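Asks: Residue-level listing of the chains:
Number of protein chains: 2
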Amino acid sequence: MTEHLHRTALTRPTALESMERCRELVDPALRRTVHGLHRDVRDVAAYAFGWCDLDGTARAAGGGKGLRPALALLTAEAVGGRPEAAVPGAVAVELVHVFSLLHDDIMDGDEQRRHRETAWKAFGVGRALLAGDALLALALAALTENVGHLPPNAVTAATALLADTLVELVNGQAADAAFELRPWTGPRAVTVHEYTGMAAGKTGALLGCAAGLGALLAGAPAPTVAAMTRMGRDLGTAFQAVDDLLGIWGDPAVTGKPVFNDLRRRKKTLPLIHALSAGALGQEIAELLDRPLDTADAEWTLHRTAALIRKADGDTQTAAQARRDLDRAVAALGTVTTHPGAASDLVALAEFVADRRH
Amino acid sequence: MTEHLHRTALTRPTALESMERCRELVDPALRRTVHGLHRDVRDVAAYAFGWCDLDGTARAAGGGKGLRPALALLTAEAVGGRPEAAVPGAVAVELVHVFSLLHDDIMDGDEQRRHRETAWKAFGVGRALLAGDALLALALAALTENVGHLPPNAVTAATALLADTLVELVNGQAADAAFELRPWTGPRAVTVHEYTGMAAGKTGALLGCAAGLGALLAGAPAPTVAAMTRMGRDLGTAFQAVDDLLGIWGDPAVTGKPVFNDLRRRKKTLPLIHALSAGALGQEIAELLDRPLDTADAEWTLHRTAALIRKADGDTQTAAQARRDLDRAVAALGTVTTHPGAASDLVALAEFVADRRH
Numbered sequence: 001m002t003e004h005l006h007r008t009a010l011t012r013p014t015a016l017e018s019m020e021r022c023r024e025l026v027d028p029a030l031r032r033t034v035h036g037l038h039r040d041v042r043d044v045a046a047y048a049f050g051w052c053d054l055d056g057t058a059r060a061a062g063g064g065k066g067l068r069p070a071l072a073l074l075t076a077e078a079v080g081g082r083p084e085a086a087v088p089g090a091v092a093v094e095l096v097h098v099f100s101l102l103h104d105d106i107m108d109g110d111e112q113r114r115h116r117e118t119a120w121k122a123f124g125v126g127r128a129l130l131a132g133d134a135l136l137a138l139a140l141a142a143l144t145e146n147v148g149h150l151p152p153n154a155v156t157a158a159t160a161l162l163a164d165t166l167v168e169l170v171n172g173q174a175a176d177a178a179f180e181l182r183p184w185t186g187p188r189a190v191t192v193h194e195y196t197g198m199a200a201g202k203t204g205a206l207l208g209c210a211a212g213l214g215a216l217l218a219g220a221p222a223p224t225v226a227a228m229t230r231m232g233r234d235l236g237t238a239f240q241a242v243d244d245l246l247g248i249w250g251d252p253a254v255t256g257k258p259v260f261n262d263l264r265r266r267k268k269t270l271p272l273i274h275a276l277s278a279g280a281l282g283q284e285i286a287e288l289l290d291r292p293l294d295t296a297d298a299e300w301t302l303h304r305t306a307a308l309i310r311k312a313d314g315d316t317q318t319a320a321q322a323r324r325d326l327d328r329a330v331a332a333l334g335t336v337t338t339h340p341g342a343a344s345d346l347v348a349l350a351e352f353v354a355d356r357r358h
Numbered sequence: 001m002t003e004h005l006h007r008t009a010l011t012r013p014t015a016l017e018s019m020e021r022c023r024e025l026v027d028p029a030l031r032r033t034v035h036g037l038h039r040d041v042r043d044v045a046a047y048a049f050g051w052c053d054l055d056g057t058a059r060a061a062g063g064g065k066g067l068r069p070a071l072a073l074l075t076a077e078a079v080g081g082r083p084e085a086a087v088p089g090a091v092a093v094e095l096v097h098v099f100s101l102l103h104d105d106i107m108d109g110d111e112q113r114r115h116r117e118t119a120w121k122a123f124g125v126g127r128a129l130l131a132g133d134a135l136l137a138l139a140l141a142a143l144t145e146n147v148g149h150l151p152p153n154a155v156t157a158a159t160a161l162l163a164d165t166l167v168e169l170v171n172g173q174a175a176d177a178a179f180e181l182r183p184w185t186g187p188r189a190v191t192v193h194e195y196t197g198m199a200a201g202k203t204g205a206l207l208g209c210a211a212g213l214g215a216l217l218a219g220a221p222a223p224t225v226a227a228m229t230r231m232g233r234d235l236g237t238a239f240q241a242v243d244d245l246l247g248i249w250g251d252p253a254v255t256g257k258p259v260f261n262d263l264r265r266r267k268k269t270l271p272l273i274h275a276l277s278a279g280a281l282g283q284e285i286a287e288l289l290d291r292p293l294d295t296a297d298a299e300w301t302l303h304r305t306a307a308l309i310r311k312a313d314g315d316t317q318t319a320a321q322a323r324r325d326l327d328r329a330v331a332a333l334g335t336v337t338t339h340p341g342a343a344s345d346l347v348a349l350a351e352f353v354a355d356r357r358h
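From first to last, the protein sequence lines stand for chains A and B.
Numbering of the first sequence is given in the UniProt record's numbering, commencing with residue 1 and proceeding in unit increments.
Numbering of the second sequence is given in the UniProt record's numbering, commencing with residue 1 and proceeding in unit increments.
Some hints could be false.
Note that the list lumps identical chains together, so a pair holds whenever it fits in one copy or between two copies.
Simulated crosslink set (SDA-like; lysine to any residue; CA at most 25 Å straight-line) [claimed, not checked]:
hint, residue 1, residue 2
1, K311, A154
2, K121, R264
3, K267, V125
4, K267, R39
5, K65, R32
6, K121, G109
7, K121, A200
Rather than coming from a laboratory, the hints here were simulated on the basis of the structure.
Being a predicted model, the structure only gives us computed values, none of them experimental.
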């Protein structure tokens, strides 16, 4: 089945084409939802979505890739539904995604995102915080309004999935923040296992929710919804692993972030955690990480650290982990999808996640 | 009917006794819900609920009055249900209440609440923000878990009510913040009408949600749920008006805030908005409000401002508005409650809201 999906994919739209098609279906509903907000939070939200610049000028192409909404719509198609059925779910997950970016940037003190000032930097902490809250409220509203055609227990299941996802998201975010206080090496160092649990919450839960809602809103039976939720979660942890590789080795011109950004920020990412556990090499890396970055040889230190992580196979182990999660996701698709053609669009999206450059 | 309720109330428990009884029913569920969070956010939540001090020591009597959970439970009883049925709703509204306190204190930069440091001051902005998000996520979870005994469309109606409430809450908060930038007097001054709309969102919506969820979870029909929601909203705007009076004239020993606190903060509260519209007196007040507060005569200025607000009937007009909203709430109770005895506990709670000293 998986082989068949791969072959079919050659004649199907690319992941970018699928995401663009989904965006055209979801964008009007998303904008309508945000429009009802008080102007002061709506402006922040429009900026965060990339719909406009700081001065309010509309932007032609903005915002993120729309991976989560696309995942919801393509999953709906893969179980034999119409993509329109999944639009409330797509709207909800995209709102939650931008909510989490708004609040994460405040928590992390990040001043740049997608080559622009972050919202808190541009509008102040208070307005960015409130705009995040607004998007979270709207996410719930998206799943309780305009769903009158659905059986009530589908609506209940959808809001329950969203609730579980939000709790996981927050717990994952808290775990990620708590990792910052842990030592690089030794018995209290962050393990790969702990990291994987954190990433499942921080990133996996929302992609799982996107796929699960897509299946649910398309009317799929509960076991299919559960399988699609797991599929999305695997895709999410693969996504996070690739994100971690890009956080160190991504091209600044493409990612919009400085080279070695996650090393500068001393982020405990997967390549680093793998490398730190590699005996003497790990110890050497830990010593480099303890050096201050305000000296003349800081760039050399970062280069050297990145090179040692590679030497300790931190990058290849991370890539292998991403590939394993991705393969599991694609295999799951082969067992539960009823519409192979539509499912191959999902596979293309999954492959895009693993191969992306930003 | 109303007269009857008032008479019955003499032999019924006081509002404080009712709140204590409700707290005993809700507290275990609330603590269980919060317990599942990551330790780093759970600790902040426990502090914000007043369950423990900064060092983790348990506090005997802490936290707020529990008005919102009590409103949910007493409403359930007033429509003939058991209070236990409303516990998920009580948990949800109390979680939303503490979420809003956590985030509001960050937005307003407030450093003290209930005689203690605010959570962001004690734990940092990042952890307080994330704890707020966590409580909001749990509020939704409270309404989608442990409600298997309810018909699915009751669960759907409950989550829809919560969603609408959250959107109103955020819009009310945004409107309140936007008022800060408006002039004291003239055509662009904040009107009583605008203020009332803001208070309906910021405070009315959540009390309406508490009463509405109480009725809904007790199995009341839709018109009763709607009437109880409106009743709670009226109670909420009365509550806000009394809060505004206490914000200026409340006893610091009781409120835990400095005397004339809202005048110091230049908050556009209802007594002030009423007074500012009073011709020459309003102009005199506006001029006092423009004086800097870092001078030796600052306390005199505040005293004088407060006295002029009284002279312009800002306090009596506010009290009258609170009384009108309260009377409307009590009258509504008379028309929809099926259990007069239980309803009289609600009336006692309503009267407590209007007569409270903190």
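Asks: All hints are to be evaluated individually against the structure, with a verdict given for each.
Replies: To see whether the hints hold, each was checked on the structure:
1. K311 <-> A154: neither (50 Å within a copy, 58 Å between copies)
2. K121 <-> R264: within (20 Å within a copy, 28 Å between copies)
3. K267 <-> V125: Classified as both; 23 Å inside a copy, 19 Å across copies.
4. K267 <-> R39: between (36 Å within a copy, 20 Å between copies)
5. K65 <-> R32: Within one copy only: 19 Å inside a chain, 39 Å across chains, cut-off 25 Å.
6. K121 <-> G109: Both ways: K121 and G109 sit 9 Å apart in one copy and 17 Å across, limit 25 Å.
7. K121 <-> A200: Close neither inside one copy (29 Å) nor across copies (31 Å); limit 25 Å.
Checked against the numbered hints given earlier, the structure breaks hints 1, 7 and satisfies all the rest.
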